[in-house]
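A.B. asks: Two chains, two frames, some hints: make the complex.
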Amino acid sequence: MSAIIGVVTFPGSLDDRDAARAAARGGATPVRLWHADSDLHRVDAVILPGGFSYGDYLRCGAIARFAPVMETIADAARGGLPVLGICNGFQILCEAHLLPGALTRNQHLHFRNRDQRLRIGTAASAWTNQFLPGQEILIPVKNGEGRFVADSRTLDELEAEDRVVARYIGGNPNGSLLDIAAIRNEAGNVVGIMPHPEHAIDELTGPSLDGLGFFASVLKHLAGSSVRMAANQGVAA
Amino acid sequence: MTTTPETIVDGSDSGPAGEPPETPEAKATDAQAPEAQAPEAQAPEAQAPEATDTTAEDVEEAEAAEPAETESTGEPAPAPAPAPTWKEVGFDTVARATGTPFEHQPFLELGLQDDEHAKIEQILGRRPTESELAMYSIMWSEHCSYKSSKLHLRQFGEKAPRSERLLAGIGENAGVVRVSDRLAVTFKVESHNHPSFVEPYQGAATGVGGIVRDILAMGARPIAVMDPLRFGAADHEDTRRVLPGVIAGVGGYGNCLGLPNIGGEVVFDECYRGNPLVNALCVGVLPVGRLQSKAATGPGNLVVLIGAKTGRDGIGGVSVLASATFDAESEQRRPSVQVGDPFMEKLLIEACLEIYDAGLVVGIQDLGGAGLTCALAETAAAGGTGMSVNLDLVPLREASMDPPEVLASESQERMLLIVTPDNLPVVLSICSRWGVLATAIGEVVAPEVGGGRLRIWWRNELIVDVPPGSLADDGPVYARPMREPADRILLLADRAETLPQPSAADELRATVLRMAASPNLCDKTWVTEQYDRYVLGNTVLAQPEDAGVLRIDERSGLGVALSVDGNGRFARLDPYTGAKLALAEAYRNVAVTGAIPVAVTNCLNFGSPEDPGVMWQFAEAVRGLADGCQELGIPVTGGNVSFYNQTGTMAIHPTPVVGVLGLLANVAARVPMGFANAGDPIFILGETRDELSGSEWAHVTHGHLGGTPPTVDLAAEQRLAGVLAEAARVGHLAAAHDLSDGGLAQALVEACLRRGFGAQITLPDGLPPFVQLFSESAARVLVSVSRGQEAAFAALAAERGVPCAALGAVRAPSSVLAVEGLFDIPLDELREAHTGTLPALFGELASRTGEQSGELASRTGEQSGELASRTGEQSGELASRTGELSGELATEPGS
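Top line first, the protein sequences correspond to chains G and V. Quick note: the first sequence uses this note's numbering, first residue 136, plus one each step. Quick note: the second sequence uses this note's numbering, first residue 7, plus one each step.
Don't read these hints as lab results, they were simulated from the structure. It is possible that some hints are incorrect.
Partial chain G-side listing against chain V, Cβ under 8 Å, derived [as the list claims (entries may be wrong)]:
#	residue
1	Asp153
2	Gly186
3	Phe187
4	Gly190
5	Ile198
6	Phe246
7	Arg247
8	Asn248
9	Arg254
10	Glu271
11	Leu273
12	Pro275
13	Lys277
14	Ser343
The beta carbon of each residue, even a glycine, is placed where N, CA and C say it ideally should be.
So here's chain V without its partners, still in its complex pose (with noise of 0.2 Å):
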């Protein structure tokens, strides 16, 4: 293939007409043919018309046919009467729009308001063409321009404590802390609920590639992630459709792309069962001198393209999706859910970091929701400079796109790069090493030239030609009205506390097992045996542990720890409080590994904000998370909102899902959760109050949602937190396991089968044994401490202001969890109640295996038909022989 130098639509000093975009035929900056891209990289200047033969012509008659577009310098100048026709054109020019004002335009079906349109028409002085109505109406969605969250969200920036740490924060891609001179962390949690109703699998894939795209653009290498889930009732049959699609979707990806998945949550609520929520979080780390910036800046630099191919797949998925309650037809919205291919992010990856270690790049931003709209608007807006895009050098998957469908495609393991001409070559030459495709499609040009537009071209016209900000920063922004929900009065009113309580100690004991084995409490090695959490062979601790920990630097042994909580019951009871518990659970869980919290992300779940009830459960927990964070002095670095989780009238349960990052010195001296050695005593840490409103016990016992939500005292945890990093550091601990979910019962009995250590407890004097195991009080931890280091124990708890009441011994392993004079419940018999539950809701594919033989037998290849009758004979055989594989999925104990 013959190209010529010119492939750059340079709008700096001559008018848009003058400059004739390549044909898609003649695509220069392929990174299949580096070297062919070298002269046009360094001479960009030459942008007079050097176009390919086939090129040449179209050029001179669209020039023909626009006289008066040839000397326009900056303004969009009037178009010659009588404007082209559709036909004629077959797409929606500036010039077409400027000369058909009056024409209709979908922009109700595309999710923009009248108000919000005729903003458009004042912002462009002429309606939009179709291109930058689509542009308009995502970068305007809820999803894209925070619309309804904006005005509460800025009190994270406004109540956040100082923090020398903070490197970049809210706005960027993800926040990013400084740990030691030398590294940083990047973290944010981000969501993926409405494609993961509508296609489970891809759905939950492509969260975890949009999220690691986040932190990669950040400069970072990812290197774990976490994912929070909220499903239906666990029996029922949506849950059954969903969950096995999204946890393999989240494994397939995170897998593929060789992330450990360290932690995370597993939750079932009724609330959730038509908007199932798939939280991802993802963490990576940097040197400092590496972090990037999505700034476009530097005019006569250009802007190029990596990665996958724009394809069809994902258009509109912010605004259909993510923007709007399901309804009836939601199963036709499948074609706007992503789809991702794990293997090329993974080569994106690579390419990518040693792009950046080789410092070639000004600028770069990930393609997520809103494509290369989104990515072209914002790298503009931030480096507030102009933009020149030729829309016909975008590799497409098909080549029948129009250019609304190439601007607003959300086809996955994508990047955009702003690189110097002369890094160009190199680029793309990194980019050919690793099979990823690259392509210069425009160029930065200067603010004052043109007033710092961006325009877009397509066969040889222009389609788009708008302020970038207008698009990334002024959308609108709604004071939306709040009213607290009619019906929290009577919520609030019907306690828990007055429930019908177990008090006989074979009802305790009943109650153990029993909340043990519920979908919520239960094991849940079913779900996590499908990730990978051994990869880059840093994971010091991961699930079912309360916090996941990483080596991020094998010399000096830091590392670090992070949790992500949540709790809808206790938000929907009070979403100020609950916030802040979400944020006290998260907070506490990385205390408990000895880490020192430092930075906050966050993931808010809400219904609709349209609704005032909604909007009231909103700007509550976005408050009282703000506060929460002032309070502990942490910072939120980044996060994400989620809005319209609703099927109809009914929404989700407020979920603010916080994630906390913690600081270790030394990964060693980490402390893991379960009981490791007998006749270690052990202590419970924190007061101990009768609350059991909005509990697991309330909700598996009795089905009940009522009352107010445990206290929340943030200056407790911070005591707490300071005890528990201090007896680390001093080597104190054995084992420490965060109370939150079914109380001190489950605590116990996860701390016992972590690694089948029994313990012997005697419940101190007060409250009823019930309450003692199960009330769910905040700013407690049970420990485990090492023999003889006890007395130095409770004297450092006394010293800092910290309950600590001595509740027993670790027992032998394999015995039993015995409460004096209540019960005793044999490991084992804890085991199988724990260990049973997903299994059993679960496990069915495993059973179809045996159908399935002769299928998966004529897969292999060469072998097959040898094979297909071989394992068909073999397998009654087989079955014998691996007796433990049987029909379930998890046969192990998770110890």
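Bound conformation, chain G alone (with noise of 0.2 Å):
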């Protein structure tokens, strides 16, 4: 049987379907979750998909942190479950300090969307453990407030941990503290991404393939660790 994931639905959320469509073109068995129900029905992975909850009211990814999903995915994520955030979920991640940062507006004010080369970081997390560190991708970016920010402190320990996933090449699209595009955390089941690898998953409507490494190696996460990831869930309930 293939491995669950389960997409978050917001009032707001646009990509929902793309990131479904993305983890069955990967091989798993996408489910809708709905923000309003704390219940994550048993998935393997969540992914909080792309869009502007709640309209980007108050600050993007402020008020669905406060989403009943979100309490149940935050202790979940602490327990091991392998999360996901493209774009506005990143920004959700964020809020909700699963992540740390913030993505402020970029820093040219506008809203853009153009085919990104990135340069992975790291493969030590549940979603790009299928790539080579260094190796270079070509995704779909799209964002008005995706300009990663931190405090010296915590840009140094991303570095210094190897948590940066993916940095921003051939061009920074919106202003991103030392290029970064993506980050994990400490236990590398959580990454925060801003380009969109759901949007790299077929030729004929992408940029390229690139976006399946995400999928696929969340897979091959869950088939090399279920036995740990169901004691760290039976800790987390």
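C.D. replies: Pasting the structure below:
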């Protein structure tokens, strides 16, 4: 049986169907999770998709962080559940303090959509273990508030602990500090990424197939650590 | 909050005053408390005055005050004398109107003419109330009634070829075209020109929002948007103000709504300086069985308003803004522009689709221009029914709004549903789940009861009592005087073919570069990077491709191609031919992807219809478009007219913008525009003539407009499309790119730069090289054919009677565009010219980010203190680290 990946729909989520399609294309079984339902329905991993949850009111991700489903996800993530936050999902993970730093308005103040080259920083995460460190990939970026910022200690820690998952190359699209496009938590199960791997899974509709690597990675992670994961989730519950 | 089951005013079998409407406090059908609604929904017949305690007294007073009204069944009863004074009532009522026939009314200020006001009095048998006056003034405005255009637009129906595919056509919110046994597609383009000049961001944003609701109202899920935009000269200060706001508004709304933006136009011309054109197209897809109607049928069914609360924004937008010429006071009209909330619209879309899928609506109409007035009048008129509405139940943003304001408000993100009483609880609970406010505000009334009138109550008083058809369908129709503009003879005689032309090789080279860098032909990445083109995951082609292509069925690969095009200069020279040329270009742009064109939509942007010259242009353009569609055999399915695009006596070029929808059996066979394989042979299809009048070259290098536009030959376009579709189907084509603005030279530049391949070109014998490079003859396409297929391809073209000439071959990546015996231009040089223009004109914002970094950093919540200093320190370092970011937005080539 293939792994089950839950994709959360918040009011204002936009790339939820795309994330589900990408998970299916990657070999997983996607299920839809609803923001108001705190039950994770026994999923093996969770994707917080892109979009404008709650209209980005107050601050991107600031309201979604308090959704009932997020309390459960936060607990499960601390217990090892693989969680990928894409774009708005990354913003939510930062607001929920599952990841450090914050995503602020793009330095040039415009929304920007382009095909973006990235360099993988670390393969030591649940979502990037099928990449090689230093590997270049091409996936779309599209955001208005994607500029990663953090204090100097946090930036130093991220670098020292090899927690920068991907960096922008060939032009930083939003002014992110240290060209950071994606980071992970200490355990490596939680990853936030500003560009959109779910839009690079089909040559017909995306610039490459590089996005599939993220889904292959989590399947590999789940297959390799099913025993440990089950134990962790038991603890979290 | 305790509520009683009485909210619905029912005029079916008792007089108006016998129906105590609820006070706003007792608003029962609020989505936040859906359970409370159930009893009411199930017992709507219990219309006896079971009002709340707070309203009971008012009701009795009302009854006591107007005993005569209680017996009324249909016609408005004569008011008791003396009629209540304005002070006593606080607003105008039907009773007052009957009793004060000679009261002065500000109909001229509302845009109604003397004879129009007289006609209203004749329809009603009395003077209209202030609410009725407001309703007639907006419904009979040019924008809503099409009073100047109606006579002409009939040709679209009369000349339309029969199409089995057409499930809904002109007169509906949008045309619907069947694309398979299971699926249909709906699309339409509309203007939001006037609001966008007054308030660029919101004007453009709500333009997107409005057309998306039209598509939603047909039962479709909106799946993409496109935006044809026209501005004044690129370097004019007005353009600097308007363009960034419009682009941000289009992007801000569409991105937040989750709709990919797959194409459009950005055109600069001095004539649009005071009247930018912001047109918005939306396309949606629906299962054939989910097609919705706007008819309010079924007496006893409930009228449910869902979505945003009603506020004072956009009041009189259509009559004040869209139906009058701009003057010096335009600045003060900002309150007439609506304010958009795309988040609410996203929720509205999801809620409506869930409601459709559950089969819960009888009828649905979006609220756009003319707001509630239009939605109530059109649904009732379409259903041939009456309607009773309690205006007190409309959720308001501002409690102090008076009835004409509530009726005229153009607050965005609202829909009107007609729902059976049984289904109301489920509808309310779906809305509640999505956080969408839903309120039953009225009821459908059988036409035989009371003459099928639209009756509206406010504070227990009847304030509107009109035949709905008189608002929706019986507006005035004008046969406006028309006269060919006197200057046209001189204009036509002033041919661009006689202008000085470059002929030396270095002059031609310089002209290619100059044209590639000119505002209308340059790379538009600065604009399109601000739009999400990926969301929903079905975008197969998007700008700068000739057409947007969307996959609509993942299993079969079925897809649609869409293009919108217009050429104001051609239409200025000859509106009949100009409209046909716009149609031909959109048709060709769809055809180059391999799609088969099937349907047409249009947005007709013109000056004041009160100017006989403009009216002549309009009539000619409509005739041209209708004739063109007849010749091509594809129907116009809907569209929009925007008049009064003029400032003072200076009208814009007549600008018919035409959208064409095409079908692709499998999107995997789509043909992109860029050369993709070195060595592929390049051909030009179609015939090149000495046609430079109205061309981009004449505009850029001579600032010239005169002569006759290129010949239009729709039969040739059809043959060309046939060759392209067949060649795409069998896989001969590696790339295909339409020749239009800028001619062959520009098509080569774009086909090379798209994917970074060079080309080696030898111009055929015959016309001078300059003419071959820059003529804008129609019915031509540049193609590259997969190596080895060239003989078969040439045979296909010959068999179909399409001229086909070999031009050369694709060269290696990062090489040159070389024209034999004339010039070589390295791709880097071409790219620099092509991509530098817009960032140089509009990139200033980015260079200001340095000043703003402090402010930005302080917004980052809990880390602010430390961060502010941290980012300060880092900014220098950052600038060097992110070198390429620098001051410009578009630093990357679009390849």
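A.B. asks: Look at each hint and say if it fits the structure.
C.D. replies: Verification of the hints:
1. At a threshold of 8 Å, the smallest CB-CB gap from aspartate 153 of chain G to chain V is about 4 Å, leaving the interface hint in force.
2. Hint status for glycine 186 of chain G: holds, given a least beta-carbon distance of 6 Å to chain V, under 8 Å.
3. The interface hint given for phenylalanine 187 of chain G is met, as the beta carbon of that residue sits about 5 Å from the closest beta carbon of chain V, less than 8 Å.
4. Interface hint at glycine 190 of chain G: satisfied, since its Cβ lies 3 Å from the closest Cβ of chain V, which is below the 8 Å cut-off.
5. The criterion of a C-beta within 8 Å of any C-beta in chain V is not met by isoleucine 198 of chain G, whose closest approach is roughly 11 Å, and the hint is violated.
6. With a cut of 8 Å, the hint placing phenylalanine 246 of chain G at the interface with chain V holds, because the nearest CB-to-CB distance is about 5 Å.
7. With a cut of 8 Å, the hint placing arginine 247 of chain G at the interface with chain V holds, because the nearest CB-to-CB distance is about 5 Å.
8. The interface hint given for asparagine 248 of chain G holds, since its Cβ lies 5 Å from the closest Cβ of chain V, which is under the 8 Å cut-off.
9. Hint status for arginine 254 of chain G: violated, given a least beta-carbon distance of 14 Å to chain V, over 8 Å.
10. For glutamate 271 of chain G, the shortest C-beta to C-beta distance to chain V is roughly 15 Å, which exceeds 8 Å, and the interface hint is violated.
11. The restraint placing leucine 273 of chain G at the interface with chain V is violated, with a minimum CB-CB distance near 12 Å, outside the 8 Å limit.
12. Of the supplied interface hints, the one on proline 275 of chain G holds, with its beta-carbon coming within about 5 Å of a beta-carbon of chain V, less than 8 Å.
13. At about 5 Å, the closest approach between the beta carbon of lysine 277 of chain G and any beta carbon in chain V falls short of 8 Å, and the interface hint on this residue holds.
14. The beta carbon of serine 343 of chain G is not positioned within 8 Å of any beta carbon in chain V (closest approach about 12 Å), and the interface hint is therefore violated.
Hint violations for this structure: numbers 5, 9, 10, 11, 14, all remaining hints satisfied.
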